[in-house]
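Listed here are the chains, written in short residue letters.
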Amino acid sequence: MPEAKYLLVGSSHAALEALRAIRLVDPDGSMAMLTRDDRLPYSPTILPYVVSGRSAPDKVLLRDPAFFAANNCAYVPNARAVSLDAKARAVTLENGEVWRYQSLLIASGAAPAIPPVKGLDGVTYHVLRSLADAEGLRGAMGAAKTAVVLGAGLVGLHAAENMAEAGLKVTVVEMQGHVLPGYFDAKASTRIEDAFTTHGVELKLGRKVVEVAPGKVMVDDGTTIAADLLLVATGVRPVTDWLEGSGVLVDRGVVVDEAMRTNIDGVWAAGDVAQATDFASGNKALIGIIPTAVEQGKIAGQGMAGDSYRKDYAGGLPVNTYRFFGRVALSIGRAAATDGVEAVETASGAYRRLVLEGNRLVGYASVDEPFDVGIMGELIRRRVDLSECKDAFLARPVETGRRLMSEQWR
Amino acid sequence: MGVAFDSISFKASLCDGCGDCMTACSQAKGGASRISIVPGAKAGSFETALCRQCGDPKCVQVCPSGALDKDGGNGIIGWDASKCVDCLLCTAGCAYGGIAVDESVARVGKCDQCDGDPACVKVCPTGALEFRKAGSIFNEYGAKEDLFVPGLSGCQGCNSELIMRHAMRKIGRNSVLATPPGCIPGMGSVGYNGKTGTKVPVFHPLLTNTASMLSGIRRYYDRIGRKDIVVMALAGDGGTADCGFHAVSGAAERGEKVLYVCVDNEGYMNTGMQRSGTTPYGSWTSTTPVGEHMQGKTQDAKNLPLIMTAHKCRYVATASTGYMEDLYEKLDRAIAASFEGFSYLHIYSPCPTGWRIPSSKVIDACRLSVDSNFNPLWEYTNTSGLRFTHSPDNAHPVSAYVKMIGKYRHLSPDQLAHIQAKVDEQVALLKLMAAESPPPPAAHRAPAGSSTPAGAEPSQPARREIARN
Ligand SMILES: Cc1cc2nc3c(=O)[nH]c(=O)nc-3n(C[C@H](O)[C@H](O)[C@H](O)COP(=O)(O)OP(=O)(O)OC[C@H]3O[C@@H](n4cnc5c(N)ncnc54)[C@H](O)[C@@H]3O)c2cc1C
Ligand code: SF4
Ligand code: SF4
Chain A
1 MPEAKYLLVG
11 SSHAALEALR
21 AIRLVDPDGS
31 MAMLTRDDRL
41 PYSPTILPYV
51 VSGRSAPDKV
61 LLRDPAFFAA
71 NNCAYVPNAR
81 AVSLDAKARA
91 VTLENGEVWR
101 YQSLLIASGA
111 APAIPPVKGL
121 DGVTYHVLRS
131 LADAEGLRGA
141 MGAAKTAVVL
151 GAGLVGLHAA
161 ENMAEAGLKV
171 TVVEMQGHVL
181 PGYFDAKAST
191 RIEDAFTTHG
201 VELKLGRKVV
211 EVAPGKVMVD
221 DGTTIAADLL
231 LVATGVRPVT
241 DWLEGSGVLV
251 DRGVVVDEAM
261 RTNIDGVWAA
271 GDVAQATDFA
281 SGNKALIGII
291 PTAVEQGKIA
301 GQGMAGDSYR
311 KDYAGGLPVN
321 TYRFFGRVAL
331 SIGRAAATDG
341 VEAVETASGA
351 YRRLVLEGNR
361 LVGYASVDEP
371 FDVGIMGELI
381 RRRVDLSECK
391 DAFLARPVET
401 GRRLMSEQWR
Chain P
1 MGVAFDSISF
11 KASLCDGCGD
21 CMTACSQAKG
31 GASRISIVPG
41 AKAGSFETAL
51 CRQCGDPKCV
61 QVCPSGALDK
71 DGGNGIIGWD
81 ASKCVDCLLC
91 TAGCAYGGIA
101 VDESVARVGK
111 CDQCDGDPAC
121 VKVCPTGALE
131 FRKAGSIFNE
141 YGAKEDLFVP
151 GLSGCQGCNS
161 ELIMRHAMRK
171 IGRNSVLATP
181 PGCIPGMGSV
191 GYNGKTGTKV
201 PVFHPLLTNT
211 ASMLSGIRRY
221 YDRIGRKDIV
231 VMALAGDGGT
241 ADCGFHAVSG
251 AAERGEKVLY
261 VCVDNEGYMN
271 TGMQRSGTTP
281 YGSWTSTTPV
291 GEHMQGKTQD
301 AKNLPLIMTA
311 HKCRYVATAS
321 TGYMEDLYEK
331 LDRAIAASFE
341 GFSYLHIYSP
351 CPTGWRIPSS
361 KVIDACRLSV
371 DSNFNPLWEY
381 TNTSGLRFTH
391 SPDNAHPVSA
401 YVKMIGKYRH
411 LSPDQLAHIQ
421 AKVDEQVALL
431 KLMAAESPPP
441 PAAHRAPAGS
451 STPAGAEPSQ
461 PARREIARN
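Chains as they are written, first to last, in the working numbering: chain A, 1 to 410; chain P, 1 to 469.
Hints listed in this document are in silico derivations from the structure and should not be mistaken for laboratory results. Source: prediction; values computed, not measured.
Partial chain P-side listing against chain A, Cβ under 8 Å, derived: (1) 49; (2) 61; (3) 64; (4) 65; (5) 83; (6) 88; (7) 92; (8) 96; (9) 97; (10) 101.
By construction, the Cβ of each residue, glycine as well, lies at the ideal position given by its N, Cα and C atoms.
Generate the whole structure from the sequences, applying the supplied hints.
Dropping the structure here:
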């Protein structure tokens, strides 16, 4: 029976960061990284670029075998976990193999959430979460003339842009009233929507797909759209099916505390699969982005290796850096908030929205104007009081933010 | 032994906002400048955004394409244009504006330190930007044989171990070492179960006679024709400034060919933190307590290195582990001088235990002690006189330094004013001596934009004070 002191399920951002954190304090403890994928680690975020052809599938791998050899970690591909026996400290794989562990990291990420649309199980549709998905979509694009995308989130819009650039007639159907809901307020979204419309993508906002059939999609406004290709990008949900019956507490994701511990001794969780603290509200929330996966992975790894320098998770901030048709949209924190906050908007050429609460920055978004997202995130996280420099900050946020972080550095 | 890397440092107090660095960078990189100078909080002050080449780089961790990676050889976080997909996630990772959108090419741009010769540093006219080579020095000497055994029992965070191990690596095996009573033998240099803690001959003189014994040893080696042996002391301030002083003074007066290194932790820290002759005014020690009748030491410290200049020694210098490049250069000159006459090196060494500073703040304390002119860095030779090796202008107020040290916690405003006045007086005297000295030989003059601008050089235009931070 294979055994590892540290067993990591998942091979993406959260697991890789945990590996690093563990090896900082424990260079020798046996370690294995299991993944259901058949390749070396890669990021789901890179997939739209594989679809567009900008990145070759073999050039997007984040680590090579030499890395795992140097870090004394067994990398096990094609290893889908199907169950966890927390008492016996053992994980069973699809192929029947059982792995014993001393500490376990659940970093199985998220998978596309498939909405209950009539007829969907009778047609071929695409999702985008694995390299195989991306290669499949790229292949299908070649033969298709029309495409329909369900959902105007990041994944849907990325793909829609790629397909439009490749010459397909693309329609995006989104339930909410504007694109990228949650990240951007309506005004910012309008700019993004305009770009899509200008590039020939039809946006059906505030609309639902009611039924699909081979080659066509019916929308609740009564229209039927031709679709050689159908992409479902209506969000993701944590991969927790393999934890059923294990006793690990799962709400919408695996519930973790400030140290990324689950309710079960010796079991940690991090990344898209984990339901950790939200910075703004302090409640448990799912924030499925790389920066949170990386931070949570580090904290979990530190906990697993008993690193005494571990710091509690302060909560996740939504971060969004989005390039569309060569333009740029950025947002961090509660950039779309309206209640109980002071929002300052400017729109001359570029759009900018700063959200403050009690003279502290809580959110920032811009379209067509770059800013240092990381600096603004740090001002939010440290709850830096801006009263002394508020006018300067509102007038020149980038310069003033840089100044503030330069001072903090010393 | 780990590796260390060179780094670009920015001193806000010296920046006058000319922006030359930005121009030079954008020329060198053919795009937006990787360093950005922005207005500071006070009028006329400036701050910067610049990649710090983090040891734990967030930009690398969040990059989904593997386009960013830290080079294990030079420590630079490199960017691979062919892998980058322009997602800008790295800009969300960096809290210092170290990687940002270069609008001229619509991609990210970041500092790569220009192959070890940064364009920005070269043009900085004020010395606000420095390319600090401490990392390569550390690597070079770290790779040499450590002449102390592992497991010296110093206090956590004590920088005497850094001084001992690195100085001896530089000096090498051809040396005879004296370590009079103090922290250095206390750490085990002279005794481990009947064996020494060093790999060179070491002896443990009395507190009073170190320099005399070294004089004899040197004369013996001279007689048998061994001219290659460095005869040296690693002594504390007590054994040098107080009870050992007659021997030191005598040896200096006779011009004995000895390298005498004083590791000054401002007291008898090894035996219970008593005051010494170099304990500064106002310091708490176990013999200058703080209470109803006393508020720390009531006398000023004696300035031992300055006293040594009055002996017309071959070489006298002050140094600090906060400025390793400077310390290393001075070690070179001190060793060379010790074959010709008395060579005296005074290294300031904060004591985390006796001074009540957190172990992690010792090097910070070293830096601030220099940056506040509490311990100015200079060197003296009997032919060229005195010169500063670190600008004494634009210094922080001394309050910034004493604030971080527990032994000054009780200081009254009056006491603080006294310390500041004393510091100003010392600097004024040193400046006077530097002004009286002939201009330094070309080799000693810092080249333009070098890491240690020599503030007192007549060729350096006097710069207006920008701001105190
Ligand atoms: C198209 C797309 C675009 C995105 N764009 C952005 C963006 O711009 N910015 C951003 O911050 N984030 C973006 N994200 C989200 C980001 O990719 C995720 O937040 C991040 O990958 C989460 O990392 P993770 O380690 O938690 O899990 P994942 O990356 O989901 O990895 C899960 C891992 O677990 C493995 N696994 C799953 N189940 C099992 C099992 N049962 N047994 C064994 N192994 C298993 C998988 O093979 C995989 O290795 C995007 C995602 C997608 C899909
Ligand atoms: S870009 Fe920022 S995060 Fe990356 S190494 Fe530089 S300072 Fe660190
Ligand atoms: S923009 Fe930054 S994070 Fe994105 S791929 Fe390029 S280097 Fe990596």
